[in-house]
Amino acid sequence: MDPGQEAETTELLQFLYACPVGLMEFSRDGDIALINPLAMQLLMPLSPEGFAVNFYSLMESFAPELRNMVDNFSPNQGTICDNQHILVRPGSKQTGTEARVLSCTIVRLAANRFIASLADVSKQVAQAKRLSQAETWLASLLDGINDFATLSVDEHGIIIGADGSMFRQSGFAASETIGLELESFTAHSEGFETISVVDQIAIAKQQGWYLSEGWQRKKGGEAYWSQRLISVRNDADPADLRPAAYTALIRDVTRHKSDTGKLLHMLRKDYLTGAWNRAHFFEAGEAECIRAERYGQPLAMIAIDIDHFKKVNDTYGHAVGDDVLMAFSQICTNLLRPNDMIARVGGEEFAILLPSTDAEGAANIAKRIRSALAAMRLHAGDHTITVTASFGCMQMHPQASSLAEMLAVADTLLYKAKHAGRNRVEADLTLEAA
Amino acid sequence: MTAVNSEGLDFSHISLDQLSAISALELDRLPFGVVGLGCDNLVQVYNRTESQLAGLPAGAVIGNDFFISIAQCMNNFMVAQRFQDEAELDAELPYVLTFRMRPTRARLRLLQGAAPLKYILIQR
Chain P
1 MDPGQEAETT ELLQFLYACP VGLMEFSRDG DIALINPLAM QLLMPLSPEG FAVNFYSLME
61 SFAPELRNMV DNFSPNQGTI CDNQHILVRP GSKQTGTEAR VLSCTIVRLA ANRFIASLAD
121 VSKQVAQAKR LSQAETWLAS LLDGINDFAT LSVDEHGIII GADGSMFRQS GFAASETIGL
181 ELESFTAHSE GFETISVVDQ IAIAKQQGWY LSEGWQRKKG GEAYWSQRLI SVRNDADPAD
241 LRPAAYTALI RDVTRHKSDT GKLLHMLRKD YLTGAWNRAH FFEAGEAECI RAERYGQPLA
301 MIAIDIDHFK KVNDTYGHAV GDDVLMAFSQ ICTNLLRPND MIARVGGEEF AILLPSTDAE
361 GAANIAKRIR SALAAMRLHA GDHTITVTAS FGCMQMHPQA SSLAEMLAVA DTLLYKAKHA
421 GRNRVEADLT LEAA
Chain Z
1 MTAVNSEGLD FSHISLDQLS AISALELDRL PFGVVGLGCD NLVQVYNRTE SQLAGLPAGA
61 VIGNDFFISI AQCMNNFMVA QRFQDEAELD AELPYVLTFR MRPTRARLRL LQGAAPLKYI
121 LIQR
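From first to last, the protein sequence lines are chains P and Z. Numbering-wise, our numbering puts 264 at position 264 of the first sequence, and it's gapless, one number per residue. Numbering-wise, our numbering puts 17 at position 17 of the second sequence, and it's gapless, one number per residue.
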């Protein structure tokens with residue numbers, strides 16, 4: 001190489017080493033051929049073994065749809081996705097790892113060459129969310145004040161005052177709410193869940209207000225989508241022993257489907273099956289665990305793995321594999337209650353969290369899903385395919401009280417079902433007898 | 001001329017004192033990469049092995065902030081943070097580097113102590 005070329009190569013390498021955006025090239029199978037340091041920095045924490053070699057396996061838990069999008073892209077060159085947001089959660093073994101949002105653009109360069117750019121946009125997404133919430137809230141003020149229920153809460157989130165507005169909105173009389181936790185009027189785990197009321201109050205104390213969205217329940221049991229603003233009414237005053245008080249304004253927005261809600265929904269759902277994604281499952285499921293423990297309610301988990309799924313993919317192609325996943329998710333949705341949470345936790349692995357259900361109840365639901373799936377016939381060209389799945393069911397107990405621990409126990413039972421010949425339900429019913 | 005005994009100059013055993021004492025020529029002869037950083041993370045030592053692995057001449061690297069311009073993939077809790085948190089450090093760990101943008105498995109050894117520079121040793 002002549003000195004001029006060498007200097008150019010050095011500059012090019014320096015440019016790529018210092019590039020503030022993650023860049024990489026991968027093949028159709030997801031194998032990473034080229035990667036710059038920033039992309040490595042973003043991807044390494046997502047790999048359990050700390051080694052980023054295959055883009056699809058790194059993304060399988062967070063965005064399994066990437067493979068589908070690349071597979072379904074027929075032109076030989078062009079943009080496959082543009083700034084797609086992916087919610088990732090670095091490995092649980094490392095401490096202090098929070099969910100992050102990666103923005104990913106994929107371009108096809110040639111038949112078997114794909115280039116991706118990656119950037120961490122967590123801060124921008126959080127800021128945009130906060131701004132759009134504030135805008136929605138201000139706009140809503142113009143719609144009329146009658147929609148609001150007003151409550152006073154103390155710093156522990158206990159309701160200390162209410163008026164007729166809460167009754168008009170939810171059917172709960174003021175006397176029925178005072179002394180209860182604000183959280184106890186929350187319905188499903190969707191929305192509100194990421195941060196506790198006490199923490200929301202702490203943020204309101206620092207920043208003046210905290211706005212969140214989620215399901216509230218009415219006295220009749222019906223749920224409504226709401227926005228809730230917590231703001232400081234007065235700080236604690238040691239002179240007259242007056243404790244700090246906060247105002248909670250709750251607005252029924254069921255009819256005005258909010259854009260923020262839709263956006264959040266998109267970020268939390270698996271694009272292919274419509275099930276929750278793994279990141280959201282862990283976040284919302286953990287809140288469900290805490291709730292179950294606090295109210296002494298049983299909570300059950302079913303771990304599911306589709307039998308011989310790789311064989312379906314290898315024999316009939318990924319498109320048929322995708323049909324299987326979608327059909328399975330549909331069967332589950334039909335058989336589950338609205339509060340049950342189904343999530344795609346891996347390629348062909350699903351998990352279902354069932355509030356107020358014990359292991360026996362979970363096993364009964366698993367049996368119904370198992371037989372519905374086994375009875376289903378899928379068509380792939382001239383072939384008719386049947387698919388089965390294996391199930392592991394358990395309920396929360398003191399040795400398995402977190403979502404990760406529950407899933408680990410359910411997984412062990414699932415593998416027992418696999419070893420016993422597949423297309424089976426295994427359940428740990430020992431708690432029933434105790 | 002044997003200013004320093006060449007024994008013990010292998011990847012796992014070479015000491016902070018030895019790294020500080022040996023000449024630039026001897027550093028260049030080591031079969032593993034050696035990067036020496038000042039307290040401001042500016043590169044002061046960049047030996048030949050490392051230069052060949054990364055494809056960058058030492059002159060293009062020395063004086064630059066290592067964790068910003070050369071190795072952003074080490075700017076994390078496994079490497080950069082450990083230098084900040086542990087005044088005395090001698091740790092070996094498996095790692096993945098991006099030499100000439102190829103994902104490459106490597107072993108790192110991180111050394112920090114009384115010597116003026118901290119060192120990252122890289123074994124492919």
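For the record, the hints were derived by calculation from the structure and aren't laboratory data. Quick caveat: nothing in here was measured; it's all calculated off a predicted structure. Any given hint could turn out to be false.
Straight line, CA to CA, 20 Å or less: simulated SDA-like cross-link-like pairs of lysine to any residue [what the hints assert, rightly or not]: (1) Z:K118 with Z:N75; (2) Z:K118 with Z:L108; (3) P:K123 with Z:L108; (4) P:K123 with Z:N76; (5) P:K219 with P:F172.
Hints versus structure:
Note on K118 (chain Z) and N75 (chain Z): the hinted pairing holds, with a Cα-Cα distance of about 15 Å set against a maximum of 20 Å. Between K118 (chain Z) and L108 (chain Z) the CA atoms are separated by roughly 13 Å; this keeps the pair inside 20 Å, and the hint holds. Proposed proximity of K123 (chain P) and L108 (chain Z) is contradicted: the alpha carbons are some 31 Å apart, above 20 Å. Between the alpha carbons of K123 (chain P) and N76 (chain Z) the distance comes to roughly 18 Å, so the proposed pair stays at or under 20 Å and holds.
Restraint check for K219 (chain P) and F172 (chain P): the C-alpha separation of about 6 Å stays at or below 20 Å, so the hint holds.
Consistency note: the structure conflicts with earlier hint 3 alone.
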